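One letter stands for each residue in the lines below.
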Amino acid sequence: MRIGTVVGNIWATRKEEGLQGLKLLIIQPIKLDGQLSDEQIVAADRIGAGVGDNVILTMGSAAVRSFSTTSICPIDAIVVGIIDGKDES
Amino acid sequence: MRIGTVVGNIWATRKEEGLQGLKLLIIQPIKLDGQLSDEQIVAADRIGAGVGDNVILTMGSAAVRSFSTTSICPIDAIVVGIIDGKDES
Amino acid sequence: MRIGTVVGNIWATRKEEGLQGLKLLIIQPIKLDGQLSDEQIVAADRIGAGVGDNVILTMGSAAVRSFSTTSICPIDAIVVGIIDGKDES
Amino acid sequence: MRIGTVVGNIWATRKEEGLQGLKLLIIQPIKLDGQLSDEQIVAADRIGAGVGDNVILTMGSAAVRSFSTTSICPIDAIVVGIIDGKDES
Amino acid sequence: MRIGTVVGNIWATRKEEGLQGLKLLIIQPIKLDGQLSDEQIVAADRIGAGVGDNVILTMGSAAVRSFSTTSICPIDAIVVGIIDGKDES
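Residue numbers (the numbering used here), protein chains in the order written: chain A, 1 to 89; chain B, 90 to 178; chain C, 179 to 267; chain D, 268 to 356; chain E, 357 to 445.
With the rest of the complex left out, here is chain A (with noise of 0.2 angstroms):
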């Protein structure tokens, strides 16, 4: 999984019916040194992350199914925690 910070909100009014309902994040990965990333991850988000929070987020084919298991959401990657904290050495 990855580490990033929620930096926005993003909407699509014209979109796939499977993305329907789902709040979507803006998440900037951050870098071992705490530097952040250029990359932009967008993830749903169903367990009420918000912009400045640090977020753990799963990507791929196990996002996809544990988001939903009854149709398929066209999503590769969701926040699957909030962080409270970590100890690195």
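None of these hints come from the bench; they were simulated from the model.
Model, not experiment: these values are computed from the prediction.
Hints are supplied without guarantee of correctness; some may be wrong.
Looking from chain C toward chain E, a few residues come up when the C-beta cut is under 7 angstroms (computed) [as the list claims (entries may be wrong)]:
| id | residue |
| --- | --- |
| 1 | R192 |
| 2 | E194 |
| 3 | V220 |
Here are the computed lysine-lysine pairs in the BS3-like style, where the Cα-Cα straight-line distance is at most 25 angstroms [what the hints assert, rightly or not]:
| id | chain 1 | residue 1 | chain 2 | residue 2 |
| --- | --- | --- | --- | --- |
| 4 | C | K209 | E | K442 |
| 5 | B | K120 | B | K175 |
| 6 | B | K120 | A | K31 |
| 7 | C | K264 | E | K442 |
| 8 | C | K209 | E | K379 |
| 9 | B | K112 | C | K264 |
| 10 | A | K23 | B | K175 |
Even glycine gets a Cβ: it sits at the ideal position worked out from N, Cα and C.
Take the given structure of chain A and dock chains B, C, D and E to it, following the hints.
Just chains B, C, D and E, lined up with the frame of chain A:
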């Protein structure tokens, strides 16, 4: 998911059968600082995106499965949303 | 999907059984500015691409499943189209 | 798979249900020349790895499916081995 | 798929059960100009590759499923061919 801008269309007469009838766009990813990456991603589109639109891309198996539940499309990227708005801190 | 140019063929006598009979091409990805990347991707091809052709590549599980529905090919990239044309703004 | 060194632990109280009870480690990938990459990967661990261990990581859907056959864990990286030895030419 | 050269072997006594009995090699990817990348990829091998061999690697879910149809191996890379020859323009 990734954010990019549609920069063109692409055609292939000789192709895998599963690509028949699909509209393929060339997308240039956008970095967080607004700079364009030099990558080019080809994505299938069925929500009507066109050159100049900023879009959300889903990559990998989620793209395949959500695009067609009956047959297997040999694709690994789809346009899932045309961006109306973003609020970035 | 990715865009690249076919730069060669590759053979392996000692190989996984699932590769038997597959034609394998060496593809060099093309960046948006037309520059060639220094990566090399090996892809299976069954639509007749050859050295010098510009092609569309599908990567990952979509490549595997669309290439064979009966057995599992140990491949992660296939040529899905030979590019006739592109219109880039 | 990738090789990395465990540099820390990470916690998240607010998280996807599927993460409940999982031990999450922060891993820094090691390049071939022994240099550490500036990436940080979060991986689930159940074989007892700890800070300072060099480990083997499996990424993507293989990680998800091997970690739990009954439910779908929203993870995309797991520690699969604690390295005892390597012989590199 | 990727092209690389086998540079070593790797062992882990404490490991996920699914890795039992698998031979793990360290592979260094080769760029198109023949330069070696500084990445190191660990791949499972059952076709007899050894240090110094140039090999073809399959990554991701294709690797997992083709390696074992009965159980789920926690791997994401396998050696699928030992290269005899290449013709590059």
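Hint by hint, work out which the structure violates, then give me just those numbers in ascending order. Structure breaks hints 7, 8.
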